[in-house]
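*Asks:* Protein chains in written order, with my numbering: chain D, -11 to 944; chain E, 44 to 243; chain W, 8 to 99.
Be aware that one or more of the hints could be misleading.
[To be verified] Below, in silico cross-link-like pairs of lysine-lysine (DSBU-like), each with a Cα-Cα straight-line distance of 35 Å or less:
no.: 1; chain 1: D; residue 1: 220; chain 2: W; residue 2: 9
no.: 2; chain 1: E; residue 1: 240; chain 2: D; residue 2: 191
no.: 3; chain 1: D; residue 1: 154; chain 2: E; residue 2: 175
no.: 4; chain 1: D; residue 1: 191; chain 2: W; residue 2: 92
no.: 5; chain 1: W; residue 1: 54; chain 2: D; residue 2: 852
no.: 6; chain 1: D; residue 1: 220; chain 2: W; residue 2: 54
no.: 7; chain 1: D; residue 1: 252; chain 2: W; residue 2: 9
no.: 8; chain 1: D; residue 1: 16; chain 2: D; residue 2: 74
no.: 9; chain 1: W; residue 1: 54; chain 2: E; residue 2: 189
no.: 10; chain 1: D; residue 1: 128; chain 2: D; residue 2: 191
no.: 11; chain 1: D; residue 1: 74; chain 2: E; residue 2: 240
no.: 12; chain 1: D; residue 1: 154; chain 2: W; residue 2: 9
no.: 13; chain 1: E; residue 1: 189; chain 2: W; residue 2: 92
no.: 14; chain 1: D; residue 1: 248; chain 2: W; residue 2: 9
no.: 15; chain 1: D; residue 1: 220; chain 2: E; residue 2: 189
no.: 16; chain 1: D; residue 1: 154; chain 2: D; residue 2: 422
no.: 17; chain 1: E; residue 1: 175; chain 2: D; residue 2: 7
no.: 18; chain 1: D; residue 1: 220; chain 2: E; residue 2: 166
no.: 19; chain 1: E; residue 1: 166; chain 2: W; residue 2: 92
no.: 20; chain 1: D; residue 1: 422; chain 2: W; residue 2: 54
no.: 21; chain 1: D; residue 1: 74; chain 2: W; residue 2: 9
no.: 22; chain 1: E; residue 1: 175; chain 2: D; residue 2: 248
no.: 23; chain 1: D; residue 1: 422; chain 2: W; residue 2: 9
[What the hints assert, rightly or not] Label pairs and their computed distance ranges (CB to CB):
no.: 24; chain 1: D; residue 1: 134; chain 2: E; residue 2: 52; range: 49 to 59 Å
no.: 25; chain 1: W; residue 1: 74; chain 2: D; residue 2: 913; range: 28 to 38 Å
no.: 26; chain 1: W; residue 1: 40; chain 2: D; residue 2: 153; range: 58 to 68 Å
no.: 27; chain 1: D; residue 1: 926; chain 2: W; residue 2: 74; range: 23 to 33 Å
no.: 28; chain 1: D; residue 1: 629; chain 2: E; residue 2: 128; range: 24 to 34 Å
no.: 29; chain 1: D; residue 1: 138; chain 2: E; residue 2: 109; range: 55 to 65 Å
no.: 30; chain 1: W; residue 1: 38; chain 2: D; residue 2: 906; range: 26 to 36 Å
no.: 31; chain 1: W; residue 1: 52; chain 2: D; residue 2: 703; range: 47 to 57 Å
no.: 32; chain 1: W; residue 1: 59; chain 2: D; residue 2: 819; range: 48 to 58 Å
no.: 33; chain 1: E; residue 1: 229; chain 2: D; residue 2: 537; range: 52 to 62 Å
no.: 34; chain 1: D; residue 1: 912; chain 2: W; residue 2: 45; range: 29 to 39 Å
[Claimed, not checked] One side only, chain W facing chain D, incomplete, derived with CB under 8 Å:
no.: 35; residue: 9
no.: 36; residue: 26
no.: 37; residue: 44
no.: 38; residue: 48
Keep in mind the hints are simulated off the structure, nothing from the lab. Glycine residues also receive a C-beta, built at the ideal position from the N, C-alpha and C atoms.
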Amino acid sequence: MASQQRLPAPYGLLIDRGKPCSFEFDGKGYIGYGGDTIASALIANQQWLMSRSFKYHRMRGPLTMAGHDANTLVQLKSAPNTLADKQLLQDGMQVHAQNVAGSLRRDWLSVLGSFAKFLPVGFYYKAFFRPRGIWPLWAKLIRRQAGLGVIDQSYSTAHNDEEFDKQYKFADVVVVGGGPAGLSAALAAAKAEEEVLLVDENKILGGSFNYLGAGYQVERDSLVAEVLANPKIEVLCNTICNSWQADHWLALVNDTRLHKVRAKRVVLATGSIEQPAIFRGNDLPGVVVSSAVLRLLNLYAVKPGDKAVVLAGNDEGYGTAQALHAAGVEVVAIVDLRDASNQPTIAQELEAVGVPIFSKSTIFEAQLDKTAQRVGKVEVRKITEPGKCAETGRFLECDFVCVAVGYMPSWQLPCMAGAQLSYDDASAEFALSKLPAGMRLAGSVNGAWQLDDVIAQGRAAGENRSAGPPESVPLNHPWPIFAHPKGKEFVDFDEDLQIADIINATRDGYSDIQLVKRYSTCGMGPSQGRHSALAAARLVADVTGRSVAETGVTTARPPVAAETLAVNAGRSFYPARRTNMHYRHAEAGAQMMQAGAWYRPAYYGPQDRAQQCIHNEVMAVRNSVGLIDVSTLGGLEVRGPDAGEFLNRFYTFTFTKLVPGQARYALLCNEAGVVIDDGVAARLHEQHFYVTATTGGVDRVFQSMLKWNAQWGLDVDIANATTAWCGVNIAGPDARKVLAKVCDSLDLSADAFPYMAVREAKVAGIPARLLRVGFVGELGYEIHVPQLYGEALWDSLLKAGEEFSIKPFGVEAQRVLRLEKGHVIIGQDTDAMSNPMELQMNWALARKKPFFVGARTLRELETKPLERVLAGFTLPIGAAQPKESCLVLEGEQMAGRVTSCAVSPTLNKQVGLAYVPPSAVEPGSVITIKCEGGERVDATIQALPFYDAEGARQAV
Amino acid sequence: MRGQLVDSYPHAVTDSSLGVCDLNILPRIGFKGAEARDWLLSQELELPATANSAVQNGLLLTCRLSETEFFIAGLSSDAEEQIQTLHESWSLDSQQRCYLLERGDSHACFAVSGDHVSEMMAKLCAIDLRAKSFAPYSIAQTSVAKINAIVVRISIDPEPRFLIFADMSSAEYLWSCLLDAMSEFSGTAMAYSDYLKRIK
Amino acid sequence: MKLLNCPLNGPRNITEFSYGGEYHPQPDDQTTDANAWAEYVFFHHNKAGLVLEWWCHTPSSFWFLAERNTLTDEVINTLTLAEFKLREASRG
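Bound-form chain D, shown alone (with noise of 0.2 Å):
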């Protein structure tokens, strides 16, 4: 086992020297501390290899050592693709390589990179098109290539029992970040008596204050130890928010809970993302950024590595040699891109200690040391103007590269609220403008870098005022980018985007940032442009002619850093609303079925039976008596004194003229004529009428009711009773010898109670609104009783109904039912173009009414010829059955569609409705129907009803 290299205290903020953890990363085992990340535990060893690139599996090690980049994604058991940078190492782990072919250390796919002339930028959309008929080839390959970790399904089977969760929060002001800007803005709010929450992304709060080095640390306890005692500062640590969005509604991310919170205004101190250099070979393990090196030192005691070049674009890289120095490491140079340091005495001090300064140079090339499998060493040559350099140069043995060119500032949720990144070609620097109302920036992410000037806008921005402008620190270098004849330098790293790659994208065409993105790939991978959205737009603007700041950055969408699926799925809610009979239909066998949030028995038996079923109960309403839940049908109770006025404008039908104890159809329309719902208007007094809807539509028929009498002021009450009311429709011939047994108080003969009459009586004891209705047509009686007394109402008509022979029925077999009268059912014989005129149903509107909704419409609509009717067709019993929406063929042309085709046993044939052209509407028309499967059938026009032409056994 190797041994760690650890740096003794003060250095190590993280680590707990008394908690060594063994773990094994890639077969070999390995020892760290409680505190480390698996990546800093793995460098503590000097294992700098981690992963193999997505397509040339070249080696990887982190960048970062931020969870920035996707170098360090690694396989756990519990999860695929976890950054090693950020997962905590806990005793016992067992850490696998992702995406190798073989092993991580000899992975024989590493051999792609020198095919890399034939597998160029927009490779896929090239190799997909020609030759034709390559594709399932393709298809193959990069099925088994793409994607870097694995699920372990049986792993999740067995830990099921995480709970994710999601709940709101609210604040006054939420503050994004913990390092010295977040939470001096955090104290400012408080004292200014808001509600505070405070999120950080790592385990504990001080952000850059805690990897900066031990000159910070009194300083970041301080302002920590203050936050952590104050009553109106909530702290949420291990939490990272994910996305803005309207008003200020915020994502944060915690572990396994989603917190969905408002806030009154958003604080952003998210920091900054520190920049690669462009260089062949920057990839390689051991190449790092300044601040990575930093966290390295200060957070986890770890040296790198024994000999660093530093390779400098501004001061901090200096700053970060000094670190580096003091910690043993050998600095072997500073090769700084400038012609001088704005610190010269710092420069001195570095010399006076034998560390040679390379001015205006750059490393040109890192090499593989290949037995540690880590950069070996570098070629330094000096820079001939911007992006090129000398013929030769001199080469450096290093361990590892420390590389400090500059930052870009987390333009992520600030982007997402529709602020503009802007980008100065002359001095290199960013800014972010344009925010919306409420939310301010402080610290790096807004210019300032200066620990006072950081500190200021923190408080300023929890005043919730402006701060003055920031020192300005020079430190992003305007071209940190250096081409090589053999290219490797890598501008994206995720998907091994060279600098020819990207410049291949705008010679092919692609000259905005939104489609080099999209057809290079470039920023799509897990770091989602974090490393290579400055460094692409640089080289666009170049090739294009254009500034940075007009080529710009693609848009920023949420998540800000990957999530879990788990997370967006954890606590999600499945509304399901029951009947009062609904345990009866439980009880008796029945196959429950969905309508929206309803639960419907759609037939009673087992599934194997399904059809046998249906057509029992189709004919035990046709020849006896059956029994069906409509409770989930709308009610709605019009009242006052100008109810009759108000559906006479509403509904297509004269309803003013309705004496109390009559029912009529009532066909709603919208403006455009459209019919929208249908259902039965019953009159039980002067200002009280009972309407009924259908179950999806009456949700959406009330609202438009209180809208349309909001515009005409009617004195009407109208109120959605759908729930207040249990329903049942007992159909067949024998119904009324069933409801005889149990209503006795009620003349129920035909002339006392006709078809269409509505009356109210006690059934079994229970008060009930009884309405003769037709819908299946059959004898029917929809009985209405208040919800409570649902089951009770069920149980006594069954009873009663036994000598008969009573079956309930379900869904299913009342779609067949009224299928065979030509019965429309809203929203599946009809679309959102069907008016009355082609549904053949003109019966149904009022000629002599002032005024209906789409009346005016339909007026219109009447002077022109149809396009298209609704007409009945049959075919023979074992023809090929027609589902609804195949289509009514004319040749090749398309002339129509089915809507609703099933099989009747009343009548033993297949009985449907379809749209038709007009010139196919005569009975006896034949018309083609194209099956699934593309079998075709001719069907023949009848006229409806197919069944009871004369509409008698209803009316009986």
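Given chain D, work out where chains E and W should sit, using these hints.
*Replies:* Just chains E and W now, with coordinates in the frame of chain D:
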């Protein structure tokens, strides 16, 4: 949900721990219309002055859902008679623009009370129901577990309590959502007898 | 998740509301010509600027009007129908 109050559960709910009680069988009634306010005043009920607030008239909780809509819930089974009286006093023929709603049939009623009740509700409802933001006798007509509901705060001290009214057809669904949300805080179902002890 | 200020219920998440279309007073259906009627039924003004719209707070079935700036998506004002009618009346 079959019309009787559950009198005991295997686990007794201690003094202040989180619990939910099924109050579906308690009486409820609604009135709405341009003259609903006048009619209810004529029945000698005290009414809330503003929408989305409630007053307690003895055993009756009178909620004002809008300028013209009122929801009256009995707080215990002893309120049956009073609700019945209101029911019988109303008729459609009275020429008054006040219309009755059978809230006992259309709406379910649950009481949730005890420690962490606001945190539990924050898993189901996007309204800020914390004590500082939602005072006693405040009403929120909103969405709870994705269904329409009326949430009324009854008290903060000595115990935080809400009544939740929602569509009766979703009662079983809402009950299961409430139990699930409270499991994190060791909340459980509460028998009516325990509930009565708590409201005394 | 936008907030909309319901005149009855106060500020609520937009998911508690359903949109009811632009507010268009209905022209006289007896005298308006066919083209004008078709425009009324099918066209939205879709102005770049202030539009008046119908919104319904679903849990309370409360309809009201909102004045929204379609360029900035800012809701300037929400009104009950009574308030709107008063305003129209006072404007003459």
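*Asks:* So, against the hints stated earlier in the document, which numbers end up violated here?
*Replies:* Of the numbered hints given earlier, those the structure breaks are 2, 4, 6, 10, 11, 17, 19, 25, 27, 31, 32, 36, listed in rising order.
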